[in-house]
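Q: From first to last, the protein sequence lines stand for chains C and D.
For any residue, its number in this note's numbering is found by taking its place in the first sequence, counting from 1, and adding 14.
For any residue, its number in this note's numbering is found by taking its place in the second sequence, counting from 1, and adding 21.
Please note that a few of the clues may not be correct.
Taking lysine-lysine and the PhoX-like style, the derived pairs with C-alpha atoms no more than 20 Å apart in a straight line are [unchecked claim]: (1) D/Lys283 / D/Lys165; (2) D/Lys77 / D/Lys202; (3) D/Lys77 / C/Lys245; (4) C/Lys121 / C/Lys149; (5) D/Lys339 / D/Lys247; (6) D/Lys202 / D/Lys93; (7) C/Lys33 / C/Lys239; (8) D/Lys283 / D/Lys43; (9) C/Lys167 / D/Lys165; (10) D/Lys213 / D/Lys77; (11) D/Lys77 / D/Lys43; (12) D/Lys43 / C/Lys151; (13) D/Lys213 / C/Lys151; (14) D/Lys213 / D/Lys93; (15) D/Lys165 / C/Lys33.
Which chain D residues stay away from chain C? Per the calculated CB distances, all over 10 Å, these [as the list claims (entries may be wrong)]: (16) Lys77; (17) Pro113; (18) Glu114; (19) Pro125; (20) Glu190; (21) Val201; (22) Asp254; (23) Trp271.
Derived from the structure by calculation, the hints contain no laboratory data.
Heads up, the beta-carbon is just placed ideally off N, CA and C, and yes, glycines get one too.
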Amino acid sequence: MRIVVLTKPVPDPAAAAEKLTSDGRLDRAASPAVINGNDEYVLEAALKLVEAHGGEVTLVSMAPPNAVETMRKGLAMGAHRGVLITDPALVGSDQASTIAVLVAALKELEYDLVLAGFDTSDGVGGVVGAAVATKLKLPYLSSAARIEPDPGKGTVRVRRISATGFDVLEAPIPALIVGTQLLGEPRYPSLKGIMAARSKEIATRSVADLGLDAHAVGGGASRTKVTGQRKPPAREATKVVRGTPEEGASAIVELLAARRLI
Amino acid sequence: MAGEAGAVWVVAETNADGSLAKSSSEVATLARALADEAGTTAAGIVVAADPAPAAKELASYVPRVLTVGEPKADGNAWAQVAAQRAAAILAPESPTVVLTGAGPDGRDVAGTLAALLDRPVLVNATAVAWEHGPSVEMSVFGGKLVTTSAFADGEWGIVTVRPNVVTAEPAGSTGKIESVKPGGELELPVVKVVERIEAAAAALPIEEARIIVAGGRGVGGEDGFKLVQEIADQLGGAVGATRAAVDSGWIPYAQQIGQTGKIVKPQLYLALGISGAIQHKVGMQTAGTIIGVNRDPDAPIAEFADLVVVGDLFEVGKALLEALRARS
Numbered sequence: 015m016r017i018v019v020l021t022k023p024v025p026d027p028a029a030a031a032e033k034l035t036s037d038g039r040l041d042r043a044a045s046p047a048v049i050n051g052n053d054e055y056v057l058e059a060a061l062k063l064v065e066a067h068g069g070e071v072t073l074v075s076m077a078p079p080n081a082v083e084t085m086r087k088g089l090a091m092g093a094h095r096g097v098l099i100t101d102p103a104l105v106g107s108d109q110a111s112t113i114a115v116l117v118a119a120l121k122e123l124e125y126d127l128v129l130a131g132f133d134t135s136d137g138v139g140g141v142v143g144a145a146v147a148t149k150l151k152l153p154y155l156s157s158a159a160r161i162e163p164d165p166g167k168g169t170v171r172v173r174r175i176s177a178t179g180f181d182v183l184e185a186p187i188p189a190l191i192v193g194t195q196l197l198g199e200p201r202y203p204s205l206k207g208i209m210a211a212r213s214k215e216i217a218t219r220s221v222a223d224l225g226l227d228a229h230a231v232g233g234g235a236s237r238t239k240v241t242g243q244r245k246p247p248a249r250e251a252t253k254v255v256r257g258t259p260e261e262g263a264s265a266i267v268e269l270l271a272a273r274r275l276i
Numbered sequence: 022m023a024g025e026a027g028a029v030w031v032v033a034e035t036n037a038d039g040s041l042a043k044s045s046s047e048v049a050t051l052a053r054a055l056a057d058e059a060g061t062t063a064a065g066i067v068v069a070a071d072p073a074p075a076a077k078e079l080a081s082y083v084p085r086v087l088t089v090g091e092p093k094a095d096g097n098a099w100a101q102v103a104a105q106r107a108a109a110i111l112a113p114e115s116p117t118v119v120l121t122g123a124g125p126d127g128r129d130v131a132g133t134l135a136a137l138l139d140r141p142v143l144v145n146a147t148a149v150a151w152e153h154g155p156s157v158e159m160s161v162f163g164g165k166l167v168t169t170s171a172f173a174d175g176e177w178g179i180v181t182v183r184p185n186v187v188t189a190e191p192a193g194s195t196g197k198i199e200s201v202k203p204g205g206e207l208e209l210p211v212v213k214v215v216e217r218i219e220a221a222a223a224a225l226p227i228e229e230a231r232i233i234v235a236g237g238r239g240v241g242g243e244d245g246f247k248l249v250q251e252i253a254d255q256l257g258g259a260v261g262a263t264r265a266a267v268d269s270g271w272i273p274y275a276q277q278i279g280q281t282g283k284i285v286k287p288q289l290y291l292a293l294g295i296s297g298a299i300q301h302k303v304g305m306q307t308a309g310t311i312i313g314v315n316r317d318p319d320a321p322i323a324e325f326a327d328l329v330v331v332g333d334l335f336e337v338g339k340a341l342l343e344a345l346r347a348r349s
């Protein structure tokens with residue numbers, strides 16, 4: 015089973031240092047980068063699938079050159095190789111550029127499944143997976159809580175979170191699956207994994223390598239623009255109440271009543 | 022088809038029973054307001070095996086509704102089927118903008134439409150105003166910053182709208198419903214639904230709740246969540262949770278708030294035994310009023326809550342329940 019996992023290095027949410035540049039782009043130098051949280055869940059699912067069925071996991075990222083470091087962590091978790099699409103022309107890419115680049119990168123690879131996380135913690139759009147599947151005319155299975163391929167039959171089943179529980183979806187392989195936290199806790203890299211990751215291959219590809227026109231992607235080609243940024247109104251100072259449970263409860267009730275919430 | 026050039030379009034979602042999704046009634050209300058500002062009209066699209074019930078509801082929000090009775094919308098993954106039929110309607114139009122919800126189905130529709138129609142997307146709108154074009158407000162970096170974005174000159178695009186940021190308000194008059202025949206074969210692979218599994222679900226989805234009472238690790242277990250539920254019931258709200266509580270199996274993932282759960286914006290967020298770590302904070306810090314009950318007065322939640330009651334969440338929770346019951 016050959017699995018491609020789309021991973022995005024994102025500003026570490028725990029560092030809470032995200033900011034925009036003056037022209038409204040994410041300032042990627044301002045924050046330490048980590049693998050996007052939702053991508054780690056699908057990577058974990060991919061690793062379990064190749065442990066059960068054999069095969070290999072390839073990470074694909076479109077990111078600045080230093081993303082090699084973040085990808086190395088995915089390799090330490092157990093992924094077999096990485097492909098990093100990196101190019102100065104890609105700075106300021108909107109979703110359309112990202113979609114075009116990922117589609118071009120996937121066309122060069124052979125796979126049974128492509129996995130992506132539900133959304134990214136920086137963009138929180140969650141639309142790239144559906145668009146990539148559409149462009150490649152791959153069956154698209156989203157909001158996955160469980161992934162069960164049947165290589166013999168050439169199909170995959172996905173338990174998709176629905177408003178009322180789960181829908182079990184079935185599609186032929188190859189397919190693109192967008193997964194959630196319910197796929198299970200990602201593993202920590204072992205020391206052996208970290209050592210092994212050092213010698214694993216991360217191939218870098220430029221826009222030209224992928225056969226794309228550098229003017230058709232990146233900030234210059236962006237069809238969306240950030241027109242303004244402001245801080246949300248500051249919250250008022252926190253009132254802290256210490257006392258008996260009854261005093262605490264009545265402080266809550268008073269605030270609720272004052273704000274017409276009860 | 023009559024040209025509706027320049028309309029603000031909504032691609033609606035339906036509930037399992039065929040009625041209009043609450044988020045779509047909100048998006049339709051926003052579409053109407055935006056169309057008014059832009060000096061154009063709003064129009065909706067419903068794609069379902071039986072679109073009639075949702076279309077009738079949608080027509081109370083927008084003056085024109087197109088329906089596509091698509092048998093394949095039932096028994097298959099809905100979003101891509103719907104997006105293909107919607108794309109066929111939208112392709113010959115020059116929409117002002119196309120709006121969808123920002124929930125799982127709305128995102129799938131938006132992503133598919135973006136690829137089929139080669140259009141840009143702006144995501145997770147918390148408001149959309151008109152300034153020579155749609156001006157889309159978003160809350161980014163977990164609520165730390167509010168940005169406004171627009172499509173490049175001369176472009177139209179797709180905007181996904183967060184639930185619970187608009188109050189659904191029907192228009193004074195009822196819109197016209199027109200049925201459109203599904204044209205041609207579906208080009209994208211159809212993904213079958215082979216089984217539907219009903220899970221015990223919260224009565225009220227947390228994205229739609231006006232009031233959320235949430236529990237964290239401090240709640241200690243499923244039994245502890247009974248108190249959280251009782252307080253939520255008393256306030257007419259929904260129960261939310263941190264990832265720690267979900268990972269412990271005390272409460273379903275559908276109720277998780279935070280970085281890899283849901284992002285919510287209720288009028289009241291009552292956090293019981295929640296420290297307010299960044300991964301949780303990003304899912305709820307834009308709530309109207311935030312109240313925390315926590316043993317630790319130095320927990321991060323004390324930096325952004327309106328009120329923090331220092332104490333045992335069970336003792337304070339029970340006293341609160343009694344006080345609320347005494348008022349009702």
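Q: Could you run down the list of hints and mark each one as holding or not?
A: Hint by hint, here is what the structure shows:
no., hint, result
1, D/Lys283 / D/Lys165, "holds, 17 Å"
2, D/Lys77 / D/Lys202, "holds, 18 Å"
3, D/Lys77 / C/Lys245, "violated, 41 Å"
4, C/Lys121 / C/Lys149, "holds, 11 Å"
5, D/Lys339 / D/Lys247, "holds, 11 Å"
6, D/Lys202 / D/Lys93, "holds, 13 Å"
7, C/Lys33 / C/Lys239, "holds, 16 Å"
8, D/Lys283 / D/Lys43, "holds, 17 Å"
9, C/Lys167 / D/Lys165, "violated, 48 Å"
10, D/Lys213 / D/Lys77, "violated, 28 Å"
11, D/Lys77 / D/Lys43, "holds, 14 Å"
12, D/Lys43 / C/Lys151, "violated, 31 Å"
13, D/Lys213 / C/Lys151, "holds, 16 Å"
14, D/Lys213 / D/Lys93, "holds, 9 Å"
15, D/Lys165 / C/Lys33, "holds, 9 Å"
16, Lys77, "holds, 20 Å"
17, Pro113, "holds, 19 Å"
18, Glu114, "holds, 18 Å"
19, Pro125, "violated, 5 Å"
20, Glu190, "holds, 20 Å"
21, Val201, "holds, 21 Å"
22, Asp254, "holds, 13 Å"
23, Trp271, "holds, 15 Å"
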